[in-house]
Every structure is written in structure tokens, then in C-alpha cells.
Amino acid sequence: MTTSPPAKWGLRGLAFGYLGLLLLAPVGMIFYKTFEHGFGPPWEAMTSPEAIHAIQLTLLMVAAAVPLNTVFGVGCAILLVRRRSWTNRWIDAIINLPFAISPIVIGLALYLLYGNSGWFGPTLAEWGFQVLFSWPGMVLASIFVSLPFVVREVVPVLQEIGTEQEQAASTLGANGWQTFWRITLPAIRWGVAYGVVLTTARVLGEFGAVTIVSGSISGETETLPLYVAKAFEQFQEEAAYAGAIVLALLALTTLLLMSVGGRRAKSGGAPIPAGTEVPVAASTTKEGS
Amino acid sequence: MEAHPANLPPVSAAPRAGLRLPGVGTGLGRGLVVLYLSLMVLLPLAAVVDNSLSNGIEGFWNAVSDPRSTAALKLTVICSLIVVAINGFFGTVIAWVLVRDDFPGKGAVNALIDLPFALPTIVAGLTLLTLYGSESPIGLNVAFTRVAVVMALCFITLPFVVRAVQPLLMEMDREMEEASTSLGAGGFTTFRRIIFPNLLPGIVAGIMLAFARALGEYGSLILISGNIPFETEVSSVFIRSQIETGNEAGASAVSVVLLALSLLMLIGVSLFAGSGERGKKGLLRRTINRTISRSQVGGGV
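So the sequence lines, in the order shown, correspond to chains X and Z. So the mapping is simple: this note's numbering equals the position in the first sequence, first residue as 1, plus 368. So the mapping is simple: this note's numbering equals the position in the second sequence, first residue as 1, plus 105.
In case anyone wonders, no lab produced these hints; they're calculated from the structure. Do not rely on the hints blindly, as some may be mistaken.
Claimed, not checked - Simulated coverage check for chain Z against chain X, where a stretch passes if three residues somewhere in it have a Cβ under 8 angstroms from a Cβ of chain X: (1) 248-260; (2) 343-349; (3) 355-362.
Said to hold, decoys possible - Part of the chain Z face toward chain X, derived, beta carbon under 10 angstroms: (4) G134; (5) V198; (6) D219; (7) E322; (8) Y323; (9) L328; (10) I397.
What the hints assert, rightly or not - Which chain Z residues stay away from chain X? Per the calculated CB distances, all over 12 angstroms, these: (11) I162; (12) S170; (13) D171; (14) I183.
Note that the Cβ used here is the ideal one computed from N, Cα and C, for glycine as well.
Isolated chain X, as found in the complex (with noise of 0.2 angstroms):
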């Protein structure tokens, strides 16, 4: 359809009007007032000791989550695609379960569960675990909402793969784990890293489940999100915006990541270095030169 010139530029002013009012405005703004006064305020707002605690602390969960569930996520995601069983469609569909979920109930599951009077809290109190109000807590939020990034960008490159590169190695002579490392890793290395950046800015981000579990104690159990609502609350604008820019700035990393990586995705077998259109074909004129 060609749209006529009216309608053309109603569309666009439509269209800019909106992004522009909702999404570029307030981030501009945000930018703005942090940058109001110069390097100096933001700078130093993010360099006191409870800043650098949050942030020490917001790394500590990506270092704790992010390992846990991607070696969870490639393996799980194997077990989906490789592996004929009748659990398949009940773990997939538990695995999507955190997406599903408010971070609020999931900090509230967590409390009901670890909490003094939960199901578990008594008894890990009495063997000296402290997991609410303190990081092993903060950490299973984090990986309850983090969960599924990992397993749902592996498993749509496993299933493009295919198994034929994987049937040839292994009759070859080369065991699971020499097919796994050698073969199958290097095939699925795109999907990872994409599930593994998703990962992390989830983590980094993390707000609501964590605000519960953690009892948002400054300079202990305060992440980077906590400690900017905190900062606002009290008043310290300077504070909250810079640490808003910091949380924000890691954000438009991932937006780039996130466009490298679906242009990686799109142009098909392109992240996948050894053919995947036409694997049988590729080994043949292999073995045959």
C-alpha cells in the first residue's frame, strides 16, 4: 500500500510523538539532571563506600547467578533437544515458569520458604545459615528469575544443528564429552553468550525479588537497584540519578549486544561456524580433499 503524503507524516508524528514523550524525553532528562552540574557530584555520589558496597555486592550475584545457570541452561537445554522422554514438556514448561511470575512473589516465595517460621529457615538457623536478610538469599532470587534465558537461546540453535555433525563424530570414536566439547560447544557458542549477556542484565537489574529477600540493609544487603531507590527515598537525588545512570548505561550495553547478537541470529547459520544448511555434504568435501 502506498500511503499518501498526509498519512505518511500523521503516522511518523504519531509514532515519534509517543516514543518520544514516553521513552526519549524521560531518558534524556535523566542524563540531564546527573550530568547537571558536571563529572564531579555523579562521581563522587558513586565512589562512597555504599555505593561501592552495592556494587560489589550486584557483581557478587552475577558472579554467583550467572555460572550456575548457564551450566544449568546448556545442560537442561540438551537434555530438551537431544533427549526423547515424556518429561520433556513438564520441564519445559517449569522452565518458563520465573518469566510467568511477578518478582514480588518470587520474593515472597523465598521469604515464605527461608523466612524464621518458613520451611526451611528454622533448621538452617539452627545449623548457623543465615539466608534471608543476607546474600545466599539475594543470590537464590536471583537465579529463581534469571533461570530460563540460558536454556531458551540454546535450545532453538541445538534444534538447528542438527545431529549429524554429532552421529559423525562419535562414529568416529570420540566419547560424549569429546563430541560435547569439540563438536557441539563450538556450534552452540553464539546461543550461549547471547543467553549468558540476557543473564547477567537480568541480574544486574533485579529489583523486586531481591528487595524482599534482602531487607535492603545499606552497606550490606544492597544491590545497585536497591541502593538507587534507597538514595531517592532520602532524598539524595544526586545519589539515586547516578547510580540510575550507571544501571542505565550497562542497559544500553546489553541493547547492543542484544542487536549484534539478533543480527548473528538472523543471517541464519552465519554464528554457527561449520555449516549447518548442509553438514553432511561439508564433511564429505572435507574428508574428500
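With the hints as your guide, set chain Z onto chain X.
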């Protein structure tokens, strides 16, 4: 055969593979996966459901029908409905402009659409406050009103409809439009009779996903909504305040309602998209899966 994603077999129809990892092939791997999922996901959720029933079915019902929790649930559902209507319209317009129009900087605008997905929710709320809060430089202060709730939810669910409609619009057969125009139909008639029906599945899917997300939203609302009971308190904020005042059973009951609503939405979306892997249905399904995954980065449903 071209290895287009449209030709992928569904998970359940996977072929027997050559990859046999020691451990993963036996029951051990499956056992580990099930154990991890149970410990991390299922057990905590079971605790919520169990707690919501700690005073029996009657207790559950009393907690849900308490005036303050009913008000919160009502506000959440009504605001979410308004928001998906707004984003259903603007999302379609934005998708149209991004696919059919051409202007400098289109790639950048297209990438920016995902910003609400990537931005941590607390930052999203703070961002809106700087422009539309008490210190608004344009003199527009909506903080602590229901307008603010709608605005924040519009912000965080903006990409859903855009991302669900875009691929359908790109794949759409232009010959149909041309045929319609050559048969004498005007621009609006062509849109109403040809284009809109083709985009509708994407719009509906986007709206359902956005609705599920809006229902549970928390982080972007706490700073801007003011959390006034009966006024601007949405369900997730209500749950938080009940936890803080020690009414865990009440918090759990409302949580179960929220959980049921968003699960219903997600099941609805997956039924709606069907299990088709080829053609239009397959395209919609892949688009939905992709959108769900992206939408989670900044901070959850």
C-alpha cells in the same frame, strides 16, 4: 534443504542423537535438572500456594475479598487493560512506521524500542519521575496519581506489540494490497480489509504478553505511584506491604491470584500461537518466544 528456522522440528519430535554425555544420557542428568528446578522454582512456589491456604479455602477467599486487596487487584487489572489498549494502538503505528516508512536513523530508533525491556525497572520509574514528577521542568506533575501508574506501565510494556507486529508486517504479501488498490479500494479500506486482519494475530499476542507483564509489575511503580491504598496501590505493592506488616497469608492469597492470571495469559498466548512451526503460525510462535525472552531482561513480569 534450507535450514530456515521455520522447518525446525518441535522439541518433542527430536531425533535420537549422536551426543551421549556420560551422566546426561543416563537418568542422572535428568535427575539433576529436575532437582535444580524443584529446589529453585517449584518448592518456593509451593510454599506460596501452601501459605495462601493456611487458613483454609475460606481464609483464602477472605484475604482476596478484603476491600484493600480487592481495590488493588481491580486497579491492577483496569490499568493494565487501559495500558494494553494504548500500546496496542501506538505499537501497531510504530511497527508500521519502522517497517514501511524510511527515514534517517531508522536503525537506531528500532534498537531503542527494546530499551524498556533492557532498563532495570527501578531506573524506568526514576526516569519518568524526572520529567513527569514534582520537579517537572515542563510543569506536568502526575506523580502519585493513577495517571502515573498507567504511564509507567505504558513505558515498560511498550515493545511487546511493536515486536509482535513487526515480523508479520515484514512477511506480509504486498500483492494483496496492490490487488486491493487496483480494484479501486482506498487507503483506509485496504488497511481495514487487508492489512489489519493480517496483523491482528500479532497485535493480540503482543497485547496478551503486555497484559501479563503489567499485572505483576513492581519496580517501576514504587517511586512514581505513591503506593496510596485504595488510590494508587497495585497488587504487587500491596503484597509487599502485607509482607512488611506480617500478614503473610494475605500476601500469599493475592500472589496466587496474580500468578493464576499471568499463567492464564501465557497459556492463552501459547495456545493462540498454536504448535505450528511452518508459515505464518510458525513465524508468530517464534516471534512470541523471542519477545518473551527479551522482555524479561530489565525486571520480570
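Would you settle whether the hint for I397 (chain Z) is holds or violated, based on the nearest Cβ-Cβ distance to chain X being less than 10 angstroms?
holds, 6 angstroms
For I162 (chain Z), which was marked as not at the interface, is the minimum beta-carbon distance to chain X over 12 angstroms?
holds, 19 angstroms
Does the claim that S170 (chain Z) lies outside the interface with chain X hold up, using a Cβ gap greater than 12 angstroms?
It holds; S170 (chain Z) is separated from chain X by about 19 angstroms at its closest Cβ, greater than 12 angstroms.
Take the shortest C-beta to C-beta distance between V198 (chain Z) and chain X; is it under 10 angstroms?
holds, 5 angstroms
Verify this for me: three or more residues of the segment 343-349 of chain Z with a beta carbon less than 8 angstroms from a beta carbon of chain X.
Since 3 is at least three, the answer is holds.
Status of the hint placing D219 (chain Z) at chain X (closest C-beta pair under 10 angstroms)
holds, 6 angstroms
Beyond 12 angstroms on every Cβ pair: is that true for I183 (chain Z) relative to chain X?
Its Cβ never comes within 12 angstroms of chain X, the nearest being 17 angstroms, so this holds.
If you take the shortest Cβ to Cβ gap from L328 (chain Z) to chain X, is it below 10 angstroms?
With a minimum Cβ separation of about 6 angstroms from chain X (threshold 10 angstroms), the hint on L328 (chain Z) holds.
Can E322 (chain Z) be said to touch chain X, with a Cβ gap under 10 angstroms?
Since the shortest Cβ distance to chain X is 7 angstroms, the answer is holds.
Holds or violated: the hint that G134 (chain Z) contacts chain X, with Cβ atoms closer than 10 angstroms.
holds, 6 angstroms
Stated coverage of the segment 355-362 of chain Z by chain X [criterion: 3+ residues, CB within 8 angstroms]:
Per the Cβ count (3), the hint holds.
Run the C-beta distances from D171 (chain Z) to all of chain X and say if the shortest one exceeds 12 angstroms.
Given that every Cβ of chain X is farther than 12 angstroms from that of D171 (chain Z), nearest at about 17 angstroms, it holds.
In summary, the structure agrees with every hint in the numbered list given earlier.
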